[in-house]
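If you want the building blocks of each chain, they are given just below.
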Amino acid sequence: MRGITFDIAHMLAGSLVLVSFMQLYQDRLYALLNIYALHALVLAASVAWQAFIQDAPHLYLTAMIALVFKAIIIPVALHRIIVKLGIHREIETVVGVGPAMLLGMGLVALSMVVMLRVTAEADPLAREDLAFALSVVLLGLLMMVTRRNAVSQVIGFMSLENGLVLAATGAKGMPLVVEISVAFSVLIAFIVIGIFLFRIRERFDTVDVRALDKFRGERQ
Amino acid sequence: MALIRDFALQGAQMLVVLLLSPLLTGFVRKVKARLLRRQGPPMLQPYRDLIRLMRKDVVLATSASWLFRVIPYIIFAGTWVAASLVPTFGSGLLFSWSADLIAIIALLGSARFFQALAGLDVGTSFGGIGSSREVMIASLAEPAMLMIVFTLALIAGSTQLSTMATYMVSGEEGLRVSLGLALLALIIVAIAENARIPVDNPATHLELTMVHEAMVLEYSGRHLALIDLSSELKLLLYMSVIGCLFVPWGITGLDASPRSIAIGFAAYLAKLAVGGFLLAVFETVIAKMRVFRVPAFLGAALMLGLLATLLLFVSRSL
Numbered sequence: 001m002r003g004i005t006f007d008i009a010h011m012l013a014g015s016l017v018l019v020s021f022m023q024l025y026q027d028r029l030y031a032l033l034n035i036y037a038l039h040a041l042v043l044a045a046s047v048a049w050q051a052f053i054q055d056a057p058h059l060y061l062t063a064m065i066a067l068v069f070k071a072i073i074i075p076v077a078l079h080r081i082i083v084k085l086g087i088h089r090e091i092e093t094v095v096g097v098g099p100a101m102l103l104g105m106g107l108v109a110l111s112m113v114v115m116l117r118v119t120a121e122a123d124p125l126a127r128e129d130l131a132f133a134l135s136v137v138l139l140g141l142l143m144m145v146t147r148r149n150a151v152s153q154v155i156g157f158m159s160l161e162n163g164l165v166l167a168a169t170g171a172k173g174m175p176l177v178v179e180i181s182v183a184f185s186v187l188i189a190f191i192v193i194g195i196f197l198f199r200i201r202e203r204f205d206t207v208d209v210r211a212l213d214k215f216r217g218e219r220q
Numbered sequence: 221m222a223l224i225r226d227f228a229l230q231g232a233q234m235l236v237v238l239l240l241s242p243l244l245t246g247f248v249r250k251v252k253a254r255l256l257r258r259q260g261p262p263m264l265q266p267y268r269d270l271i272r273l274m275r276k277d278v279v280l281a282t283s284a285s286w287l288f289r290v291i292p293y294i295i296f297a298g299t300w301v302a303a304s305l306v307p308t309f310g311s312g313l314l315f316s317w318s319a320d321l322i323a324i325i326a327l328l329g330s331a332r333f334f335q336a337l338a339g340l341d342v343g344t345s346f347g348g349i350g351s352s353r354e355v356m357i358a359s360l361a362e363p364a365m366l367m368i369v370f371t372l373a374l375i376a377g378s379t380q381l382s383t384m385a386t387y388m389v390s391g392e393e394g395l396r397v398s399l400g401l402a403l404l405a406l407i408i409v410a411i412a413e414n415a416r417i418p419v420d421n422p423a424t425h426l427e428l429t430m431v432h433e434a435m436v437l438e439y440s441g442r443h444l445a446l447i448d449l450s451s452e453l454k455l456l457l458y459m460s461v462i463g464c465l466f467v468p469w470g471i472t473g474l475d476a477s478p479r480s481i482a483i484g485f486a487a488y489l490a491k492l493a494v495g496g497f498l499l500a501v502f503e504t505v506i507a508k509m510r511v512f513r514v515p516a517f518l519g520a521a522l523m524l525g526l527l528a529t530l531l532l533f534v535s536r537s538l
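In the order they appear, the protein sequences are chains H and F. The numbering used here applies: residue 1 is where the first sequence begins, and numbers increase by one. The numbering used here applies: residue 221 is where the second sequence begins, and numbers increase by one.
Bound conformation, chain H alone (with noise of 0.2 Å):
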């Protein structure tokens, strides 16, 4: 019952869960991006592979979103407003590297016991499939919360949405209008945050979020 093929998707499905690790331990910019590219490329992968063993053509259709997309148009775009806002060499974090490790195990460990009590009588795979798709989405939130870079809080909010498309994927029965419509939500969102990163920028010349915190009501 469990052949390579089951195999596979679940090894793609675990680097998915390991890159976004890898995106928690990078701390610049160009590098996150690289690997966010490399995030984008492996769910591509992975939904490509869902695609051929659940024989769902339209699945494929989703695989080239994610590669055009997320591997190739939203990190050159990304690359560019870097260049254009000169922020190529800082980033900073909340919480150190070690303590943002530690708190994205506890997010797997969480994710872990979750899904697999909820869906107790689905197959093991499928539910660790399942498992590894919410940490991808909570490791994304991680991301989001520990970095004060608006550039990185984006590509965290890029990488929480590459979670949700492979549960969905995994799932087996994803509508196509439904996947569509998240796609371009999604790249939306990204053009409002790009545009409203230029506007952070041209306010306060810098693109660290603390900045934002001094404009708020209750802090006078």
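Derived by calculation from the structure, the hints in this document are not laboratory data. Glycine residues also receive a C-beta, built at the ideal position from the N, C-alpha and C atoms. Some hints could be false.
[Claimed, not checked] Just a few of them, taken from the derived set where beta-carbon distance is under 7 Å, the chain F residues facing chain H:
1. Gly348
2. Gly391
3. Leu395
4. Val397
5. Ile407
6. Ile483
7. Ala487
8. Val534
Once you've looked at the hints, dock chain F against the given chain H.
Same frame as chain H, now just chain F:
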């Protein structure tokens, strides 16, 4: 008769690791030099270095104690024993019952302990720096290594290397995420333990960065030869461990025919060549990291090991 044959095989294994290890180091150096478009020393250069060092006189510091003179032999003995226990071409060697992964780690750990003592013994500041750094790296690498051992032992049901290798070669397990994580963690630990580039540079004598070289700075002559040979053996050992656990194809069983032994040997040579090549490429493309970043690097290995163990535990218990 069978006993004699087993003894011969075990002896062959001991000789093979001893004779191949300088060649492996020479090969890695050669590939690195070629990647930098240099000619590089010939692959047999490490043998020549060793022979030359063996012939030279030993210069001892006046403050050196008896420990300083004994330690090279202890390090060499420990590393050689450890290296000859790892299954290289065959898994059913005479002493493979003692080839426990934890025992091998303990042997290497005690060799490292004595090396750190030797660094401190003469009382120079470089030796002290080297020892303290080495101990720091070790204290981070060993928990990660233990996590890897736990993962492998949970999968294979044993901590004995030859049992593990036979289990892996049987293909019952298939691809596992935990195995992949353990492999990555083991590679990181191996890089740190062998003082390879992101952690330590084996080719430098720059004060600020050296770790291993700083400890052995006071050694000369045959002592230095033994220490160099043991670090070469250690590189071979880690490559053999990775080879026999993660790419176990070609390893022969207990009562093998000469033909399958030959196949196993050829496969082993191929694995070493591929491993050495990959190591050289990796070392060429990456820069050495600051000493203070090493904890994060090794922490990643610990985390991967922990994650692998966690995955196994959770997926089995729930």
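Here is how each hint holds up against the structure:
| no. | hint | in the structure |
| --- | --- | --- |
| 1 | Gly348 | violated, 26 Å |
| 2 | Gly391 | violated, 10 Å |
| 3 | Leu395 | holds, 4 Å |
| 4 | Val397 | holds, 3 Å |
| 5 | Ile407 | violated, 13 Å |
| 6 | Ile483 | violated, 24 Å |
| 7 | Ala487 | violated, 22 Å |
| 8 | Val534 | holds, 4 Å |
Comparing the model with each earlier hint shows violations of hints 1, 2, 5, 6 and 7; every other hint is respected.
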